[in-house]
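Asker: What follows is the residue order along each chain.
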Amino acid sequence: MIHTKKMSRIRITGPKPNLWSLINELHAMKLMHLLDYNGKDFETGNSFPEAEPVSDKLVKLRSIISQFNLKLTPRIIKDLSVCSKKFSSIYENYFDLTSKISSLKEKKTFLFSQKESIEPFSSLNLIPANFFGYESISVFKGTIKKPLLEIEIEKTTKDFEFFFSEFQGKKVIALFVSDQFKEKIQGLLAEHGFSEFHFEENSDLKQINSDLTETEKQLTELENKLNELKENEGQFLSDYEFNLEKENEKLEAPLKFAVTENAFVIDGWVALKEAKEMQAKLESLTKNKIFIEFIETKEQAPTALENPSLVKPFEFFMNLYALPKYTELDPTFLVFITFPLFFGFMLGDVGYGIVTLAAFLFLRTKFKGEARLLLNSLIVASLATILFGFVFGEFFGFEFVEHPLLNRVHDLQLMLLISILVGLIHITLGFFIGFYNVLIQHGFKEAVFEKGSWLIIEAGGLLVISEMILGMTSFGNILGGIMLLAGIILLFKGEGVQGIIELPAILSNTLSYARLFAVGLASVQLALIINKFATQFFQQGGLMIIAAILILLLGHLINILLGLIGPFLHSLRLHYVEFFGKFYEGGGKRFLPFGAEKNNV
Amino acid sequence: MVELELGLIAIGAGIAIAGSAYAAAIAEKEIGTAAVGAMAEKEELFGKALILTVIPETLVIFGLVIAIMILGLAPAS
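Protein sequences appear in the order of chains A and B. Counting from 52, one number per residue, gives the positions in the first sequence under the working numbering. Counting from 89, one number per residue, gives the positions in the second sequence under the working numbering.
So that you can see chain B by itself, here it is in the shape it has in the complex:
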């Protein structure tokens, strides 16, 4: 049987990803809506809108870094 400790570590890593992904999703939703609105007025803004929309994706990266660090706590087996 897998040890409880290992399971908790896995859950912790999962929460780190899920939480940060959720946060990024909320942020991207807001920015995306505004960006599409701006693009409807001025189509040339596509490039900038695209970049602005992916900016919050950094949040997931932070979550991933933390998750990997948590996984690093697991005993090597």
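Isolated chain A, as found in the complex:
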């Protein structure tokens, strides 16, 4: 629970004919985390010859799936051999449909551009044939941006024919001039932002329009067929992709192994408590033809968190931050203890606790995976909220207990003191864990220098405070001073100048826990204001009572939403920044057994 799952390094050696059955068994067992072979003494293996057609199919499958935007939950297919034929007929159908659709779309774009070019000239009473068949006349047809007057053309030549009209906000022109003035006119038109339209002599607007409708009709027909294919075969495609991917994993597994002409070596990690069982099972499967050895190594093993089901949801927070290294302590359990307490201490209201609990229980039925883990942890946090609600005696901001254990609105100084004390304990705990982590990773001396120094500084600081501010002791200044000095020297030896720079952080980190009561204070004050406001409306009676109820509902809804975001983020932050900063390194590699779902660990 506190430690990550114990791993043992395992190496399997055997003759090649047994490889395929061994891979199948390993894949089904989902116990072994495979390591890539990257030594120089042996070659790495090749994937099985069947891998190529399979990966080819996978590429096709995924392109269809992404085109169809399929997000279905895949199911297990027992017999893959029958699927291959079905898939190739689906793929053929799909390919046929999509290529037809894309050529129709091309046709549609072409027709549409033709229509766009010809239509404007209908406003000039010209048809396409009018623009062709001249020997010594140049034709300009298109749109211009700046208005063009006939006088401007007359400056070049008087021998011309000019048509102009506005069509859907565009200035359409048709200009016929003698060939000899072609270039000059071109220049003139360019100044007016001329863009030429292209179409063919024999194009017919009516024909184009009817072609366009026909194309669109065909297009919708084909698209309907494609949709039908998606509806009918979507589930099959998802299933097939999922199962084929597994097949592919197995076929390509030898790429990770070291091989010789006749033998293979598989290297990897197995959880310690499952190792013996796995060994026995594999040996009996291959009739003792393989050799399994356990290897002593100092390499970092992959990390698998191992927590009881109550604590498990809080692994979400570790995934969000960073996975612990194999040799580090797994802080999930500590987060499980303190996160709900901090959250509850901040929100602390029986009413709010009940509302959020109901909301989370409802949402839990709607989500799966990561979101569900988060909701489970929030449910625990809601329970803590109700608990602290009784401590503070608050129900939707109303004090339902006359003299609660703690009054958040009036005992400000006491609340502040409690918060800071909690911080002090939390941070000290962090240093102790840090001490342990360094101890098992690097040894006692480093642990004293790096983390013990902080503990000594903390204790020294407390002693000084005990005399200077509280006046409780008469030896605090001297003893505390000596401890502070010793701690700082140790810290300098352990962490260098960087450690000295971070000295003030211990004070700001402790003060940071003041948020424990500050966030709660803001929330309870807002609740009080809402209640006061509503009470005034209630006293006026009549219709105002409805307004008062609305104010209560809306006000508390907003306050609950704020109250969820605030305590959640601040509680999380206290863990990530103040607490983890004292000991946590993170950066462990996730234990991913061969055959297990990658995104569902």
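FYI, nobody ran anything at the bench for these hints, they're computed from the structure. Here the structure is a predicted model, which means the values were calculated and not measured. Heads up, a few of these hints could be off.
As a list, the in silico BS3-like pairs of lysine-lysine whose alpha-carbon atoms are at most 30 Å apart [said to hold, decoys possible]:
(1) A:363 with B:117
(2) B:130 with A:363
(3) A:56 with B:136
(4) B:136 with A:122
(5) A:257 with A:156
(6) A:417 with B:117
(7) A:257 with A:158
(8) B:130 with A:122
(9) A:640 with B:130
(10) A:640 with B:117
(11) A:57 with A:268
(12) A:419 with B:136
(13) B:117 with A:419
(14) A:297 with B:130
(15) A:221 with A:257
(16) B:136 with A:111
(17) B:130 with A:417
(18) A:151 with A:122
(19) B:117 with B:136
(20) A:129 with A:81
(21) A:206 with A:166
(22) A:349 with A:496
(23) A:159 with A:338
(24) B:136 with A:57
Fit chain B to the known structure of chain A by using the hints.
Answerer: Coordinates of chain B only, in the frame set by chain A:
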């Protein structure tokens, strides 16, 4: 009439909160902008971005602590 002394104490506490809140707002603005930018590139960063964005909120907490200490100066009445 409320005494002048009490009023000044209240104003002092107010400045402590307002100043620190303003500072936190500026810091969060900068971090938030960068965080959203990073998230546009890589959506998984949401968790870390959220945490980084609320880090400066400590400033307000310090302001609040100071404000409460200032209010503690007020004569009990």
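Asker: Each hint: holds or not?
Answerer: Each hint, compared with the structure:
Between residue 363 of chain A and residue 117 of chain B, the direct Cα distance comes to roughly 35 Å. Violation of the 30 Å bound is thereby established for this hinted pair. Restraint check for residue 130 of chain B and residue 363 of chain A: satisfied, since their Cα atoms lie roughly 27 Å apart, inside the 30 Å limit. Using a Cα cut-off of 30 Å, the hinted pair residue 56 of chain A and residue 136 of chain B holds, with the two alpha carbons roughly 26 Å apart. Annotation: proposed proximity of residue 136 of chain B to residue 122 of chain A holds, straight-line Cα distance about 27 Å (limit 30 Å).
As the CA atoms of residue 257 of chain A and residue 156 of chain A are separated by approximately 20 Å, the hinted pair is consistent with the 30 Å bound. Taking the CA atoms of residue 417 of chain A and residue 117 of chain B, the gap is near 34 Å; set against the 30 Å cutoff, the hint is violated. Between residue 257 of chain A and residue 158 of chain A the alpha-carbon distance is near 16 Å, which keeps this suggested pair within the 30 Å criterion. For the suggested pair residue 130 of chain B and residue 122 of chain A, the alpha carbons sit about 21 Å apart, so the restraint of at most 30 Å is met.
In summary, the hint linking residue 640 of chain A to residue 130 of chain B is supported, as the alpha carbons are separated by about 20 Å, within the 30 Å threshold. For the hint pairing residue 640 of chain A with residue 117 of chain B, the CA-to-CA distance comes to about 34 Å; that exceeds 30 Å, so the pair is violated. Distance check on the hinted pair: residue 57 of chain A and residue 268 of chain A sit about 65 Å apart at the alpha-carbon level, beyond 30 Å; violated. A C-alpha spacing of about 22 Å is found between residue 419 of chain A and residue 136 of chain B, which places the hinted pair at or below 30 Å, so the restraint holds.
The straight-line distance between the Cα atoms of residue 117 of chain B and residue 419 of chain A is roughly 34 Å, outside the 30 Å bound, and the hint therefore fails. Taking the CA atoms of residue 297 of chain A and residue 130 of chain B, the gap is about 27 Å. The hint holds against a cut of 30 Å. For the suggested pair residue 221 of chain A and residue 257 of chain A, the alpha carbons sit about 22 Å apart, so the restraint of at most 30 Å is met. Distance hint between residue 136 of chain B and residue 111 of chain A is unfulfilled; the C-alpha atoms sit about 36 Å from each other, more than 30 Å.
Proximity of residue 130 of chain B to residue 417 of chain A is assessed by CA-CA distance (about 26 Å); at most 30 Å being required, the pair is judged to hold. Restraint check for residue 151 of chain A and residue 122 of chain A: the C-alpha separation of about 26 Å stays at or below 30 Å, so the hint holds. The suggested pairing of residue 117 of chain B with residue 136 of chain B holds, with an alpha-carbon distance near 16 Å, which does not exceed 30 Å. The suggested pairing of residue 129 of chain A with residue 81 of chain A holds, with an alpha-carbon distance near 18 Å, which does not exceed 30 Å.
Only pairs whose Cα atoms come within 30 Å are accepted, and residue 206 of chain A paired with residue 166 of chain A is rejected, the gap being roughly 34 Å. For the suggested pair residue 349 of chain A and residue 496 of chain A, the alpha carbons sit about 20 Å apart, so the restraint of at most 30 Å is met. For the suggested pair residue 159 of chain A and residue 338 of chain A, the alpha carbons sit about 67 Å apart, so the restraint of at most 30 Å is broken. The suggested pairing of residue 136 of chain B with residue 57 of chain A holds, with an alpha-carbon distance near 29 Å, which does not exceed 30 Å.
Figure legend: structure checked against the earlier numbered hints; hints not met, in rising order: 1, 6, 10, 11, 13, 16, 21, 23.
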